[in-house]
Amino acid sequence: MKLNIINMYPDILNMYGDIGNTQCIIKRCEWRGIEVNHIVSTLGSDLSINEEDIDMVLIGGGSDNQQSIVSKNLIAKRSKFDNYIENDGVVLAICGSYQMLGNDYLDLNQNNIPCLELLDINTESKPERFIGNILIENNLNLSPKVVVRFENHGGRTYHNYEPFGTVKLGNGNNGSDKCEGLIYKNVIGSYLHGPLLPKNPHIADYLILQALKNKYNLDSLPSLDDNIEIKARNSIANKLAKIQKDKEISKYWKYKKRIKDLKEYQKQ
Amino acid sequence: MKGHLTTKISMYAGKTTYKILQISGKKGTALPGKVSMKIKPNLLKEMGEKCDRTILVTGTNGKTTINNLLNHVLKGKYNNITSNLNGSNLINGVVTPFIINKQEHYDCGVFEVDEGTVPKVTQQITPNYIIITNFFRDQLDRYGEVENTIKMVHDAITDSKTILILNADNPSCLYFSDLPNPEIYYSHGKTENSKKQMDVFESVFCPICGNRLEYDFINYGSIGQYHCNNCGAKNPPSDYKLMSVTSHDGYYDFSIGYCNEQKSFRLNLMGIYNLYNCLAVIALSSELGLDYETIKNRIISFEYKLGRMEKINLKNKEVVLVLSKNPVGLSEVLAAFCINPNEKSLMFILNDYPADGEDISWIWDANFEKVLEIPNIKNFYCTGTRAEDVALRLKYAGFPTSKIRIYPSKDRFDIKPAMNNILSEDNKSYIIGTFTGMPEARKILYDKQKELMKK
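Protein sequences, first through last, are from chains L and S. Residue numbering for the first sequence follows my numbering, starting at 668 and increasing by one per position. Residue numbering for the second sequence follows my numbering, starting at 14 and increasing by one per position.
So here's chain L without its partners, still in its complex pose:
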């Protein structure tokens, strides 16, 4: 078995460890004896492969400056990318590239950075950035439900597709509707950096399996020893749960204090 994996603009869209997603996919294929043909596609490099032979596309996030360099280049490949997605091609798009799949992206100076208009997504950047650890529950019916990582974005994204997950802790797409990311056919878009996949190997395996389904009609993957992955995920998930609990406790005490103050006020 062999998968052709396209790593798009890893030299430019390489924010906050997104490079680790590619490493994770490659290793988890190799450990199962699946051969990986890792192809880097960036400015000035022509793809030496037909689009129908592509099995997975990985693409990361960048700064506004890097994003506009890429989007100009990527627009030339728009129709191929569109066909690929509509034919159930597997895509993981993080942060900036997730935004780029949409209609438009208004940066902080109200400049419209050209987007691919492949999906009906709108994004507007705000000066207040969402920065911090984030915990969501995935909508792919994958076990465990929990997915943890780090978000760092100024963009507020809105769409009507199924979200990648429901936000339990953190902000997600826009900080208001509890939605994080997007699922459309075999495309996952997400704001989760850090990188997303190594600590959430169930998501990595889902992507690998979808690619294998498309190509070889497989319906399951041999399991791996994910001891370290699970430890790493649980460690941060527990820490986040504790922070949340502390917040609730402090809210409770503040509430108690308010009641007390109110009573004293009434006495007066």
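Some clues are possibly wrong.
Cβ-Cβ distance ranges computed for the label pairs, FRET-style [claimed, not checked]:
{"#": "1", "chain 1": "L", "residue 1": "Asn770", "chain 2": "S", "residue 2": "Lys208", "range": "50 to 56 Å"}
{"#": "2", "chain 1": "L", "residue 1": "Trp698", "chain 2": "S", "residue 2": "Lys328", "range": "40 to 46 Å"}
{"#": "3", "chain 1": "L", "residue 1": "Glu753", "chain 2": "S", "residue 2": "Pro250", "range": "41 to 47 Å"}
As a list, the in silico BS3-like pairs of lysine-lysine whose alpha-carbon atoms are at most 30 Å apart [what the hints assert, rightly or not]:
{"#": "4", "chain 1": "S", "residue 1": "Lys254", "chain 2": "S", "residue 2": "Lys328"}
{"#": "5", "chain 1": "L", "residue 1": "Lys909", "chain 2": "S", "residue 2": "Lys32"}
{"#": "6", "chain 1": "S", "residue 1": "Lys391", "chain 2": "L", "residue 2": "Lys694"}
{"#": "7", "chain 1": "L", "residue 1": "Lys898", "chain 2": "S", "residue 2": "Lys58"}
{"#": "8", "chain 1": "S", "residue 1": "Lys58", "chain 2": "S", "residue 2": "Lys32"}
{"#": "9", "chain 1": "L", "residue 1": "Lys845", "chain 2": "L", "residue 2": "Lys930"}
{"#": "10", "chain 1": "S", "residue 1": "Lys423", "chain 2": "L", "residue 2": "Lys914"}
{"#": "11", "chain 1": "S", "residue 1": "Lys58", "chain 2": "S", "residue 2": "Lys47"}
Because the hints were derived from the structure by calculation, they are not lab data. Note that CB positions come from ideal geometry on N, CA and C, so glycine has one too.
We have chain L already, so just place chain S on it with the hints.
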């Protein structure tokens, strides 16, 4: 007259704060400055006027090392230097040394300054020299994108008489070429350290025209010999150029071309980035008129004590302790460990306190794969509040999981279990720590050293 009085009061308040901190066992590297500046916000201006010459050191990596090495070398000529040697590099940290060691006059003021603090400092002090080391991604959440950081420093250089000492091999130096200031460049040139490609493939764009830069060779990170095919920008000609280098375990012998001669030096520090730091120091010292013999002898006698490739001896065992806090730094630290062929164990203390950066994704941007080239690793200890993330990174770098030892820490003080285990091995230990991790390990190591001396 009134101004003079507030200066006195502010200095007195700062000094009192310092004394209180000392009594309560704190170091007091910034708070005295904070207290004094509350009373007299432009205190730094008056203090700066007491120095015959002031030198600022800024950039992503190398500030503290350059500051310490520069102080050591300049003592070969000047008796009276004031400096923030401990790495406290925000405005309060810059003013604190004036308060602690109050004098009427200084030969030199040498300060490392955080990139974002440079504007605040140059509002009050007009430096004679600014050393600008390099710009890399570093805790990006602080100032947004790296270009913003460069712009902040660039726009803070307001006096055209300030002489800039720049790293010609870092393309970021080109951002400063539009300034009217005199510029002195240093460069590493092509040596046995040079590589064809970057460890982690990353496109760098021309600061002049925005086209992608091409590299002829890389010395580390994105530092090397570059050119732009579009506008013709390239490394500026260097005034101080490293011509040859021989790497040993723990030191480098190298020669530098300047003033039409080739001169040899020895530096007792590991890491190619430390050669760059040393080049900056040689350039500045020579510009200040120090002769070759003095510079050479001062550099040879430099021993670093601040947990930056610090060597600590524990009777029959040697420990190397190093601070690491961004991808390029970490990649180069691991590369430096490759030289020693003997059996060794490694440890990485990864914390996620605000000072370390709460986002630990930078360990994925570092070239951790280099660890596979380090010969003879017995165990790799992963500890700190994000110990498991180190283990995960190692696993995906292809490091054998059977050699990974995980010791998660409840908080930054909880690293003793891992420390005791690595120190009980009789081989050499290499300990890497983030901003809050390294000092804790250092404390344990020095306690251990004292304890062993008593026996």
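Do the hints match the structure? See the list:
Our hint of 50 to 56 Å for Asn770/L and Lys208/S is violated, since their Cβ atoms are close to 43 Å apart. As the Cβ distance of Trp698/L to Lys328/S is approximately 43 Å, the hint placing it in 40 to 46 Å holds. The supplied range of 41 to 47 Å is broken by Glu753/L and Pro250/S, whose beta-carbon atoms lie about 55 Å from each other. Only pairs whose Cα atoms come within 30 Å are accepted, and Lys254/S paired with Lys328/S is rejected, the gap being roughly 39 Å.
Straight-line distance between C-alpha atoms of Lys909/L and Lys32/S comes to about 38 Å, which puts the hinted pair past the 30 Å bound. Taking the CA atoms of Lys391/S and Lys694/L, the gap is about 23 Å. The hint holds against a cut of 30 Å. The hinted pair formed by Lys898/L and Lys58/S fails the criterion: a straight-line CA distance of about 53 Å is larger than 30 Å. Between Lys58/S and Lys32/S, the direct Cα distance comes to roughly 24 Å. Compliance with the 30 Å bound is thereby established for this hinted pair.
Distance restraint check for Lys845/L and Lys930/L: the Cα-Cα separation of roughly 36 Å exceeds the 30 Å cut-off, and the hinted pair is therefore not satisfied. As the CA atoms of Lys423/S and Lys914/L are separated by approximately 19 Å, the hinted pair is consistent with the 30 Å bound. A distance of roughly 15 Å separates the Cα atoms of Lys58/S and Lys47/S; the hinted pair therefore holds under the 30 Å criterion.
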